[in-house]
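> Guided by the hints, dock chain B onto chain A, whose structure is given.
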Amino acid sequence: MTDSIVAEEEALSGFRAQTPMDRPKTWRLYWRRLKKRPAALVGSIIFCVFLFLAVFGPWVAPSDYQAQNVKVRLDAPSLAHPFGADQFGRDIFSRIIVGTRNIFLIGGFGTLVAVIIGTAIGLASGYVGGASDEVVMRLLDVLLSFPSLLLALVLLSTVGPSNLNIVFVVAILYIPMVARVVRSMVLDLKNKEFVEAARVRGERRSYILFREILPNSLPPLLVEASMRFSYSIFLVASLGFLGLGVQPPSPDWGLQINEARTFLQIAPWTLLFPACTIALLVVSTNLMSDGLRQVMLPGGGRN
Amino acid sequence: MEAPRPVFEVEGLYIDYTTELGVFHAVRNVSLAVREHESFGLVGESGSGKSTLAMGAIRYLASNGKVTEGSVRLSGVELLGLSGKELRELWGSRIGVVDQSPLSALNPSIVIGKQLAEVARQHLGMDRSAALGRVTEMLTKVAMPDPEAVMKRYPHQLSGGMLQRCVIAMALMTDPSLLIMDEPTTALDVTTQAVVLDLVADLKHEFDSAILYITHDLGVITKICDRVGVMYAGEIMEQAELHELFKRPRHPYTLDLLGCVPHFDPTPQKRSLVTIPGAIPRVDELPHGCIFGPRCSFVEEACKVARPPLAEVAAAHLSACRRWQDVPLPADHLRAATEAVRGAEVEGVRPEVLVKAEGAEVHFKSARGLIRGRTARLIRAVDGVDLEVCVGQTLGVVGESGSGKTTVARAIVGLTPATGGKITLHGKLLPRPTGKRPRATLREIQMVFQNPDASLNPTRSVGAAIIRPLTLLGGLGRQAAKDRAKELLEAVSLPVSYFDRLPHELSGGEKQRVAIARAFAAEPELILCDEPISSLDVSVQGSLMNLLMKLQVEKSTSYVFISHDLSAVQHLSDAIAVVYLGHVMEIGDTVRVLTPPFHPYTEALLSAVPLADPDVKQKPIRLGGSVPSAMDVPSGCRFHPRCPRCLGDICREQEPPWRDGEGEHRVYCHIPLSELARLQAETLVLAGEERGA
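For the record, the sequence lines run as chains A and B. For reference, each letter of the first sequence is one residue, going 1 to 303 in this note's numbering. For reference, each letter of the second sequence is one residue, going 1 to 693 in this note's numbering.
Everything labelled a hint here was simulated from the structure, so no lab data went into it. A virtual CB, placed ideally from N, CA and C, is assigned to each residue, including glycine. Treat the hints loosely; a few may be bogus.
So, partial list: chain A residues that the calculated Cβ filter (under 7 Å) puts toward chain B [to be verified]: (1) K192; (2) E193; (3) F194; (4) E196; (5) R199; (6) V200; (7) R201; (8) G202; (9) E212; (10) N216; (11) P219.
Chain A on its own, in the form it takes in the complex:
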């Protein structure tokens, strides 16, 4: 009897050494969960590599993205040009690296504006409720009912393609989606006891919205933002492909694909590599946002 107790105690003390007595803080917990999900981890790492390229692209690119060299026109991938060269003999690898920044800036700012405005609309509409909420949400439904690419084309062809305009188009397209997510969080949270406790002590509406409700909507909002970002990359690339994006000679992935279409038969790499890059970024961002969802909202929304 005593032997078994002693043995059990030993087993337990060994076990205790692995579990720290203090419960890990939220972010440490997220990190621990992330480490257990290889797909999310790989996605996040790839995303971080792209982020690095977006910031430091021009300095890490092996050659000048604008330098034309007629001798290497449409050359196959080689050591000097890992992804080959395009119709002007420019290094595709460098152009992709330098182009990363554009897509991050436009997609990123577009998403950011959408998140900020969408959050504001969602917070206000959800908290106030009633008829005004109904009106706002139906208006957003109208926006949602257009196919996004079509709406983007219509808007851009009216205001003209410029980086700033694309940012706003991306924002307009994604505001309804962000607003819906935030609103659903607000509806869930606004009748929680801690919000009622705040009302009982006479907090102002803005305090309740921004200090009580918003911080608790952050995890789903972050997940939504990362998903919107991955969609916006695709959208910006599509617009570039259609000639409504970044204007030449700036490096742009969509534009690169468009220009390379003509050479598909003789130099498929001119199209393949930019296309694969877009796919890689979109997939990795998706993996990351899926990972974020699992890490931050296990069980679908409960902290």
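What follows is chain B alone, placed relative to chain A:
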């Protein structure tokens, strides 16, 4: 005399769980035996491993759970060696399980009759009509009114009590050898609980099943169990026959659990409750020696060395305590471990009235159909409530769920603004919605909410949560607020180190302490406590009630204490309001309300409360059905459809008068008080054995 052979035997059972943190030994070396017609109760706080033990014994465990050692026999058949297929066969035909939530035990899209018949067809091999016949028979046995009609209904069309009866009928369909009931009445109202408990007690004799009954409620145990095992952190600490366990416990844990439960005592002197310091240890952080050692008031050095085995200390009485001989009688322990909180009030001197509600109404409009333009129906959640809260006193508000007791509190605080009537504070009319109240008024009324998990902002630290009302309502500076917040943490018996913790790092009881500290931070005159302890373990409930009483004495704050738990309400309250369907049925000083004459509704509530004392005989008054919808308030006396003392037409047609009793006591009933007293004299509800010190 030969005792009947046990049907269900568990010997030396060990159950492990493998989680991302490692292997947990959730149940260790547990043995028990249940005989035919016998019901064995497993009690313990949450996390003590009761459900794991029961489900593990029949090998119904999650995929990460595993029985590692021991033996389980059902009618002599060893369960641990069976294959998956054999087990499934056995589960369906020989074992019945009744869970806490009847709604999730039944498929919402299949009618009751078909669903129950499925069991008979599957496991008894009956054809359709025979199976349906069997269902009717079973529903009749569980005292279901109109079984034929019930069989055609979907689960959502039945009340909780009726659903639980259906689940019990389903579990008993195959006449199983073992019936496991895991907190089957916890989710039900007291009145419904009493009906279901009566039923289980009857079924025990009618069926041959051995019952393993799991609950945290010592009162419920006394109603149906013959023998009881007290579980703690995965082990059985004490096991004895029901009467013996309650009257002569031989383990300090049992003794403390008994002391945590408030006893019915209609005298105004209040004693604190026994508290158990600390919390149940996690199974991976078990202490050396006796696992209850760190929380035990009888602990000695020797207790910390070796873990005492569960040994026979008297006939059929097992205890895992070295010092079982030193464990005192419950009454003596109660006297020694508790203190008088409040003396008797001087008769005749009534404190000033703080909050007064006169004819308070909260009516909502139900959603109106858009197309057919039906007129919106009125939901009369609170329908003319008169009550008074005196300075420094507690008004308890009791009633079944759906009686509108929470809405009354919300109307007082303004979260659900009253739509009619007057609510005054110090004689001054309160603006109805919170938003319209000036800061000085807001400060006077604070609230403690029911759900500890939702009452604190998950992203805000404990300190920040308490500081906010101090700076906002108390007008304190940053540093002063911080110091005061730390004092408040100490006042609610939490270590100051909790200041920077986030709510998810706290247990339910600790969160509720923070919520209480936050409510007190504004130094209000009135705190509305909306079922603040209902979702917590008994030992935690006891210590929170002590805390509330201590703070009330210190700060002379008034409380409105809302609960469906009459024992808790009578323990804390100076006056009690009994609410039914948005209207007060009886109101008065606690002593008056708890002694005859009662309103028939109060009488029924009192008969239904499961008292944690096997010697008390309660009246067999049971209420049928459930509280009607506040959209269809019955005519005349709103309680008449369920009233056991209904007089007939006068109750159906006329609103009853208020009848004034002795002292502060009013009853809303057609029957005169003298007549009520005569009718109710024959049985006494209260146990009068150990009154006062």
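> Once the shortest beta carbon distance from E212 (chain A) to chain B is found, is it less than 7 Å?
It holds, given that the least Cβ distance between E212 (chain A) and chain B is near 6 Å, below 7 Å.
> Please check whether P219 (chain A) passes as an interface residue: C-beta within 7 Å of a C-beta belonging to chain B.
violated, 10 Å
> Using the nearest Cβ pair, does G202 (chain A) come within less than 7 Å of chain B?
Since the shortest Cβ distance to chain B is 4 Å, the answer is holds.
> Mind checking the CB of E193 (chain A) against every CB in chain B and telling me if the closest is under 7 Å?
holds, 4 Å
> Classify the hint on R201 (chain A) as holds or violated, based on whether any CB of chain B lies nearer than 7 Å to its CB.
holds, 5 Å
> Is the shortest C-beta separation between R199 (chain A) and chain B less than 7 Å?
holds, 5 Å
> Are E196 (chain A) and chain B close enough, Cβ to Cβ, to be under 7 Å, as the hint says?
Holds - the Cβ of E196 (chain A) comes within 7 Å of chain B, reaching about 6 Å at its closest.
> Min Cβ distance, F194 (chain A) to chain B: is it shorter than 7 Å?
holds, 4 Å
> Does N216 (chain A) hold up as a contact with chain B if the rule is Cβ-Cβ below 7 Å?
holds, 6 Å
> With chain B as the partner, please determine if V200 (chain A) meets the hint condition of a C-beta pair closer than 7 Å.
holds, 5 Å
> Regarding the hint that K192 (chain A) lies at the interface with chain B, is the smallest CB-CB distance below 7 Å?
At about 5 Å, which falls below the 7 Å cut-off, the nearest Cβ of chain B leaves the hint on K192 (chain A) intact, so it holds.
Of the numbered hints stated above, the single one contradicted by the structure is hint 11.
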